[in-house]
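Colleague: Each chain is listed here by its residues.
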Amino acid sequence: MTDALSAPAPRRAPAGLATLLRAFNANKASWVGLAIVALVVLAALFAPFIAPHDPLEQDVLDRLKPPTAEHWLGTDYYGRDTLSRLLYGARISLVISLSATLIAMAAGAAVGMLAGWRGGRFDAVTMQAMDMLLAFPSLILGLILVAMLGPTMANIIAAIALTSLPTFARIARAPTIALKGRDFIEAGRALGFSDTRILCGHILPNIFPEILVMGALWLANAVRTEASLAFIGLGLKPPTPTWGGMIREGFENILDSAWLAIAPSVAVLIVVFAVNLLGDGLRDAIDPKLRNET
Amino acid sequence: MTAFLIRRAALAIVTLFAVLTFVFVIVRILPGDPAQLILGDQASREAIEALHVRLGLDQPIALQYASFLGNALRGDWGVSMVTGQPVLAEVLSVLPWTIDLTLVSLALGIVIGVPLGVWAAVRRNRFVDYVVRIASLAGLSFPAFVSAVILLFLFAIEWRWFPVISARKGSLGAWTQSITLPAISLGLNSAAYITRVTRSAMLEVLSEDYVRTARAKGAPERIVVWRHALRNALIPIITVAGLYMSTLIGNSVLTEIVFSRPGLGKLIVGALSQRDYTMLQGMMVIYTLAVVVVNLLSDLAYGFVDPRVKLG
Numbered sequence: 000m001t002d003a004l005s006a007p008a009p010r011r012a013p014a015g016l017a018t019l020l021r022a023f024n025a026n027k028a029s030w031v032g033l034a035i036v037a038l039v040v041l042a043a044l045f046a047p048f049i050a051p052h053d054p055l056e057q058d059v060l061d062r063l064k065p066p067t068a069e070h071w072l073g074t075d076y077y078g079r080d081t082l083s084r085l086l087y088g089a090r091i092s093l094v095i096s097l098s099a100t101l102i103a104m105a106a107g108a109a110v111g112m113l114a115g116w117r118g119g120r121f122d123a124v125t126m127q128a129m130d131m132l133l134a135f136p137s138l139i140l141g142l143i144l145v146a147m148l149g150p151t152m153a154n155i156i157a158a159i160a161l162t163s164l165p166t167f168a169r170i171a172r173a174p175t176i177a178l179k180g181r182d183f184i185e186a187g188r189a190l191g192f193s194d195t196r197i198l199c200g201h202i203l204p205n206i207f208p209e210i211l212v213m214g215a216l217w218l219a220n221a222v223r224t225e226a227s228l229a230f231i232g233l234g235l236k237p238p239t240p241t242w243g244g245m246i247r248e249g250f251e252n253i254l255d256s257a258w259l260a261i262a263p264s265v266a267v268l269i270v271v272f273a274v275n276l277l278g279d280g281l282r283d284a285i286d287p288k289l290r291n292e293t
Numbered sequence: 000m001t002a003f004l005i006r007r008a009a010l011a012i013v014t015l016f017a018v019l020t021f022v023f024v025i026v027r028i029l030p031g032d033p034a035q036l037i038l039g040d041q042a043s044r045e046a047i048e049a050l051h052v053r054l055g056l057d058q059p060i061a062l063q064y065a066s067f068l069g070n071a072l073r074g075d076w077g078v079s080m081v082t083g084q085p086v087l088a089e090v091l092s093v094l095p096w097t098i099d100l101t102l103v104s105l106a107l108g109i110v111i112g113v114p115l116g117v118w119a120a121v122r123r124n125r126f127v128d129y130v131v132r133i134a135s136l137a138g139l140s141f142p143a144f145v146s147a148v149i150l151l152f153l154f155a156i157e158w159r160w161f162p163v164i165s166a167r168k169g170s171l172g173a174w175t176q177s178i179t180l181p182a183i184s185l186g187l188n189s190a191a192y193i194t195r196v197t198r199s200a201m202l203e204v205l206s207e208d209y210v211r212t213a214r215a216k217g218a219p220e221r222i223v224v225w226r227h228a229l230r231n232a233l234i235p236i237i238t239v240a241g242l243y244m245s246t247l248i249g250n251s252v253l254t255e256i257v258f259s260r261p262g263l264g265k266l267i268v269g270a271l272s273q274r275d276y277t278m279l280q281g282m283m284v285i286y287t288l289a290v291v292v293v294n295l296l297s298d299l300a301y302g303f304v305d306p307r308v309k310l311g
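Protein chains in written order, with numbering that gives the first Met the number 0: chain A, 0 to 293; chain B, 0 to 311.
Excised from the complex, chain B in its bound form:
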């Protein structure tokens, strides 16, 4: 187990390093001089030169790279080119909003998706199965912002059950009010996805010998399905849920815009429109970290649900 963790951590470090390098290169080959962008078209040549020096853009590229890596590792991600605030602080201040949203949406997806998928698989090619299949395909077809706009229109504007701006925090009530609609909008998609994966994983497992054996020895169907079969179907479900986390993190951009909710998505859209390069660098590192952590967690989850997976 320890050896496995060390190997995964090493791989994560290599990945992060590669991404940092990629970010560094991409930010520098893109058109547009950041100093010019910050100061505007009217800026004098001297002012631009001065800003170059302040941002370190006058240094040789290798030196810039070395100091970029060194600073990134020390947690010094520079200051936002627009607001002047430290990048890390700005990112950390909105991070909890995005983490909340993605975790609640994923939980929603699992709670709805797994039972539906199991149900459809058990009733294969019967009415329930068809309904679940069509419904999940429809759910999968919702672009995240379309479901968000529809939910916002119905529940916040027409019926006024929820706030139009989902940015409240503090008490549990305010938190619940703020997260319900955004989480449903994102969760619909993940529920549809997880339903489909659960169904096909269960179909595969239900035709296995050990399921027949379990039935033959007289185990109640409930136990056969939920204990013997589902437990073995969990591996692909976890894989997909893990992969889907990154889609959720990406789609939260749309949800955050529609529900005026703070988060990484709103931050990156702002940084992009203002060409806030330091902020963008930091955000790409944060996104990569998120992906690496999710991968690590789903690897660990394999070990928990299936002792046959050798973590060595």
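This is chain A alone, in the form it adopts within the complex:
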């Protein structure tokens, strides 16, 4: 992109966590998002207790049944209970997307802060690499990595983390540059603090809210990417229930039992939407322009 556009954001004091929380509080929609996310997390945590059936238990006599009192969301091709599989699938989906996002946040913030702090050639080369990574279609990159390395949980997490890393690097870099010249950082340098101490102790707390907001927005993306990979056939191996895998199986039987694809689709949709609501509320809270006006 043109130089004028990739220049660091104008200097402004990053919002503190307290301000963030207060502004978040004012937005009703973000509370709805938070409530749904909390519910899904609870459902995933307590899946073994609330799931009506064993998600792997097959029942050939009860195959492809529409929703009944016994199976609220029907059964799949092997007679497994869809609701139980959805609940267990939530665990996989959440564990993968949360870990991928946390790793991307930590690694991306480290790269961005270091690039902004060191400046010069290191900054130029690193950010050029990040831009290239950002420009390449992330789903394709994830696809290639997972297909080549094998669809294990660690590999899927690593692939999703790698594709979201550049965004965090960009988000962390601009405010680091803006903070670099501020007096309190100068003071730290004059006192002989190490780079690590200044970066972790003084710059990180200042840019953390922005990284957190980006993290919430990218969590939604991670849930989507995990489901997409599983839909292509690059999720955890069956019979482990994953939402994307369930949609894939449902899609194969879509002509005679559409609800099989619809139920997990709606689940993905609700979770991604809720996380987006949450992230959006956080973002509105952090953007000083919006905050002052509303």
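These are calculated hints, taken from the structure and not from any lab test.
Just so you know, these numbers come straight off a predicted model, no measurement behind them.
From the three backbone atoms N, C-alpha and C, an ideal C-beta is built for every residue, glycine too.
Hints may contain errors.
[As the list claims (entries may be wrong)] Computed spacing ranges between beta-carbons, pair by pair:
#1 B:Ala137 with A:Asn24: 20 to 28 Å
#2 B:Leu62 with A:Arg117: 25 to 33 Å
#3 B:Ala173 with A:Asn24: 17 to 25 Å
#4 A:Leu101 with B:Glu207: 36 to 44 Å
#5 A:Val124 with B:Trp225: 36 to 44 Å
#6 B:Gln273 with A:Arg62: 26 to 34 Å
#7 B:Ile133 with A:Val40: 19 to 27 Å
[Stated by the list, open to error] Here are a few chain A residues that face chain B, going by a calculated C-beta distance under 7 Å:
#8 Ala134
#9 Leu138
#10 Ala173
#11 Ile176
#12 Ala226
#13 Phe230
#14 Trp258
#15 Ala260
#16 Val271
#17 Asn275
Chain A is already provided as a structure; the job is to place chain B on it using the hints.
Modeller: Using the frame of chain A, we list chain B on its own:
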């Protein structure tokens, strides 16, 4: 302008070179011997050695690299390890399908997204704004394959308005029939995205002094919004649309699978499952080329909409 173009082209060449090197390295450090994979587990040692020689895998790594680069530049991307067809020919035969799909989806996204975003910004914090914001957030939350599966189910299976397999070509009618559902499924996402960017860009611009001046001199609101404000809001919209192209190209993998539509996505999924390394190399180059071209086009677009952007 010329100097700018030369600089961008130079950067594009460096990028391509870096990607080619990256592709070369990654394909070679990945586990699995391609010759073994092609011939299967039962293959004799001699057969594998022979295939190594034929594929050039017995050469020193530096030589392999040099010939890989040389061939790539001459347009000789080798032959597919699976089908035996030239990689470039296979890629080019499906490329139009993907280009069609992404361009129509992006156009759909712009046609829906820009007016909606402007409308929401003008009615900020009113009912319309809330509806547009929630709807666009919902649209953004659709994984590309979920909207595809739902569209396919409703319009192709339940109501039979469109073919289940969207792979027809030839007449304009067949083309339209084939592209409608896939483009809507991808376009929904981009429309949601563009709506949000347009809205926030417009909000920023509408509070600028020149908008107040335009209003003060009595310009009709229609002119103020669509000519003075939107024109200045276009830069971030173009940036995002350009960046979003790569997401569209990536997501088209899912759309192509659901609608059984030929394209780069189906080709790469096939190449991955069969470990067709030569095909993968070619595809990564094509994807990078696509990204580089899109970036170049959006840079040029800046110059068109905003004469203040110095292309020097």
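Colleague: Each hint needs a verdict: does it hold in this structure or not?
Modeller: Going through the hints against the structure:
For B:Ala137 and A:Asn24, the Cβ-Cβ distance of about 23 Å falls inside the hinted range of 20 to 28 Å, so the restraint holds. The beta-carbon spacing between B:Leu62 and A:Arg117, approximately 37 Å, falls outside the hinted interval of 25 to 33 Å. With their beta carbons about 55 Å apart, B:Ala173 and A:Asn24 fall outside the hinted range of 17 to 25 Å. Judged by the Cβ atoms, the range 36 to 44 Å given for A:Leu101 and B:Glu207 holds: they are separated by roughly 39 Å.
A C-beta distance of roughly 43 Å is found between A:Val124 and B:Trp225, which places it inside the suggested range of 36 to 44 Å. One distance hint, 26 to 34 Å for the beta-carbon pair B:Gln273 and A:Arg62, holds here, with the actual separation near 32 Å. For B:Ile133 and A:Val40, the Cβ-Cβ distance of about 23 Å falls inside the hinted range of 19 to 27 Å, so the restraint holds. A distance limit of 7 Å between C-beta atoms decides the matter here; for A:Ala134 the minimum to chain B is near 5 Å, and the interface restraint holds.
The criterion of a C-beta within 7 Å of any C-beta in chain B is met by A:Leu138, whose closest approach is roughly 4 Å, and the hint holds. Hint status for A:Ala173 relative to chain B: violated, with the closest Cβ pair at about 15 Å, above 7 Å. Of the supplied interface hints, the one on A:Ile176 is violated, with its beta-carbon coming no nearer than about 20 Å to a beta-carbon of chain B, more than 7 Å. Because the closest C-beta pair between A:Ala226 and chain B is about 5 Å apart, less than 7 Å, the hint holds.
At about 5 Å, the closest approach between the beta carbon of A:Phe230 and any beta carbon in chain B falls short of 7 Å, and the interface hint on this residue holds. Against a cut-off of 7 Å between C-beta atoms, the interface hint on A:Trp258 is violated, since the closest Cβ of chain B lies about 10 Å away. Below 7 Å, beta-carbon pairs count as interface contacts, and A:Ala260 has one with chain B at about 5 Å; its hint therefore holds. About 4 Å separates the beta-carbon of A:Val271 from the nearest beta-carbon of chain B, less than 7 Å, and the hint is met.
Checking A:Asn275 against chain B by beta carbon gives a least distance of about 5 Å; that is within 7 Å, so the hint holds.
In terms of the numbered hints stated before, the structure departs from hints 2, 3, 10, 11, 14, listed from lowest to highest.
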